[in-house]
Amino acid sequence: MRFSSTRILRFRIHSVFFFAGLALLLTSTAGRCDQAVEQIYGVYCVQCHGLKRTGTGINLPGLATKPRDHTDRKSMGDTPDDELFKAIKEGGLAVNKSVLMPSWGATLSEQQITELVKYLRKVCKCGK
Amino acid sequence: MRRLLIAVVVLAAPVLNEASAADNLDPSCAACHALAKPTDTSFDRMLTRKGPDLWFSGSKFNAEWLVAWLQNPKPIRPAGYPYFKTIKEGSDHDLPDPSKITPHPKLNKAAAEAAAATLMSLKAPDLVPSGAFKGDAAGARMGALAFNKFRGCVACHQGEGGKGGFSGPELTDAGTRLQPDYIAAYTADPQSFDPHVWMPKLSLKDKDIQRLTAYLSQLGQGAKP
Numbered sequence: 006m007r008f009s010s011t012r013i014l015r016f017r018i019h020s021v022f023f024f025a026g027l028a029l030l031l032t033s034t035a036g037r038c039d040q041a042v043e044q045i046y047g048v049y050c051v052q053c054h055g056l057k058r059t060g061t062g063i064n065l066p067g068l069a070t071k072p073r074d075h076t077d078r079k080s081m082g083d084t085p086d087d088e089l090f091k092a093i094k095e096g097g098l099a100v101n102k103s104v105l106m107p108s109w110g111a112t113l114s115e116q117q118i119t120e121l122v123k124y125l126r127k128v129c130k131c132g133k
Numbered sequence: 050m051r052r053l054l055i056a057v058v059v060l061a062a063p064v065l066n067e068a069s070a071a072d073n074l075d076p077s078c079a080a081c082h083a084l085a086k087p088t089d090t091s092f093d094r095m096l097t098r099k100g101p102d103l104w105f106s107g108s109k110f111n112a113e114w115l116v117a118w119l120q121n122p123k124p125i126r127p128a129g130y131p132y133f134k135t136i137k138e139g140s141d142h143d144l145p146d147p148s149k150i151t152p153h154p155k156l157n158k159a160a161a162e163a164a165a166a167t168l169m170s171l172k173a174p175d176l177v178p179s180g181a182f183k184g185d186a187a188g189a190r191m192g193a194l195a196f197n198k199f200r201g202c203v204a205c206h207q208g209e210g211g212k213g214g215f216s217g218p219e220l221t222d223a224g225t226r227l228q229p230d231y232i233a234a235y236t237a238d239p240q241s242f243d244p245h246v247w248m249p250k251l252s253l254k255d256k257d258i259q260r261l262t263a264y265l266s267q268l269g270q271g272a273k274p
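If you're matching them up, the sequences are chains L and H in order.
Note that this note's numbering numbers the first sequence so that position 116 is 121, with each residue one more than the last.
Note that this note's numbering numbers the second sequence so that position 43 is 92, with each residue one more than the last.
None of these hints come from the bench; they were simulated from the model.
Errors might be hidden in some of the hints.
As a list, the in silico PhoX-like pairs of lysine-lysine whose alpha-carbon atoms are at most 25 Å apart [said to hold, decoys possible]:
#, chain 1, residue 1, chain 2, residue 2
1, L, 102, L, 91
2, H, 250, L, 94
3, L, 102, H, 99
4, H, 137, H, 99
5, H, 137, L, 130
6, L, 102, H, 198
Ranges of calculated distance between the beta carbons of each label pair, as one might list FRET restraints [as the list claims (entries may be wrong)]:
#, chain 1, residue 1, chain 2, residue 2, range
7, H, 252, L, 43, 24 to 30 Å
8, L, 104, H, 89, 33 to 39 Å
9, H, 179, L, 82, 48 to 54 Å
10, L, 88, H, 99, 36 to 42 Å
Note that CB positions come from ideal geometry on N, CA and C, so glycine has one too.
Using the sequences and the accompanying hints, generate a full structural model.
If you want it as structure tokens, here you go:
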């Protein structure tokens, strides 16, 4: 079976539009996810971990223990994802850290906490 | 037919009362505060809020404090409200940004008394049951330890002597400002009042709640509201 050159050209044009559309869709979805998780970080985490994400939030003067610097590649890199998840969901005491890190399990869904863990990996530019 | 009409009037009465009570307030109040329970309880709504919800204010505040505060509204939240819109980066830590904090309007005595009377009529007995605080003031000492040390409340709230964090309301005068039943009910489950509020729900036993309430209820007592 042979295809005419016009049909091949039309197929190629359609393919270009299809993949361009798919790429646009994926990019905008990822953008929305990033925005949503940044907003969550900005409401719940920033109060202690700060706008710079370095543990220098507005509450720092009232804290006996400095909050984790989320940009610190070493300490964040040494902390596995499941420990980060547990610390956010159940609080600092659940991972032998400070009571000043509260549990967010009643406020955030498991999906949101998973997104936060992924976001923290972006902030520290490290992975575990 | 007559019975049906009576039933409709009886069922509609609480709704009408709530609506008309809030209508007594200056319309500018509603520009920043929810005076009736919001139907939209989404995260997005919280991001656009300009002031705390007041639809349960009659179960929250002490009337005398409200009258005095409305005439001389000193900030309750030292970093502004919501804190995440009113802060800026500082050299050592984030700081309140005064340019983003709008002062609360001052009312004269008559207007303050009228507004307070209306606000005190906005009650939420389902959320703040009478007797939530069992009244044992002897737990205050342990409550102070829980607040300042074991439960970490001081991280976000200023307590005795103004020590503490900034993202939550200051509690240095909690005893004059807040009803003990409200302190107990809100501390136990902030999300039942406000599903996305940035105060976490801690896994506190009722014993902790009672002790914390006993401690906070005595703060500011004796001081002028």
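Here is what the structure says about each hint:
1. L:102 <-> L:91: Judged against 25 Å, a Cα distance of about 11 Å means the pair holds.
2. H:250 <-> L:94: With Cα atoms ~11 Å apart, residue 250 (chain H) and residue 94 (chain L) stay inside 25 Å; holds.
3. L:102 <-> H:99: violated (35 Å)
4. H:137 <-> H:99: Given pair residue 137 (chain H), residue 99 (chain H) holds - Cα atoms ~18 Å apart, limit 25 Å.
5. H:137 <-> L:130: holds (24 Å)
6. L:102 <-> H:198: holds (14 Å)
7. H:252 <-> L:43: 24 to 30 Å: holds (28 Å)
8. L:104 <-> H:89: 33 to 39 Å: Hint holds: Cβ distance 34 Å, inside 33 to 39 Å.
9. H:179 <-> L:82: 48 to 54 Å: At roughly 52 Å between Cβ atoms, residue 82 (chain L) and residue 179 (chain H) fall inside 48 to 54 Å, so the hint holds.
10. L:88 <-> H:99: 36 to 42 Å: holds (38 Å)
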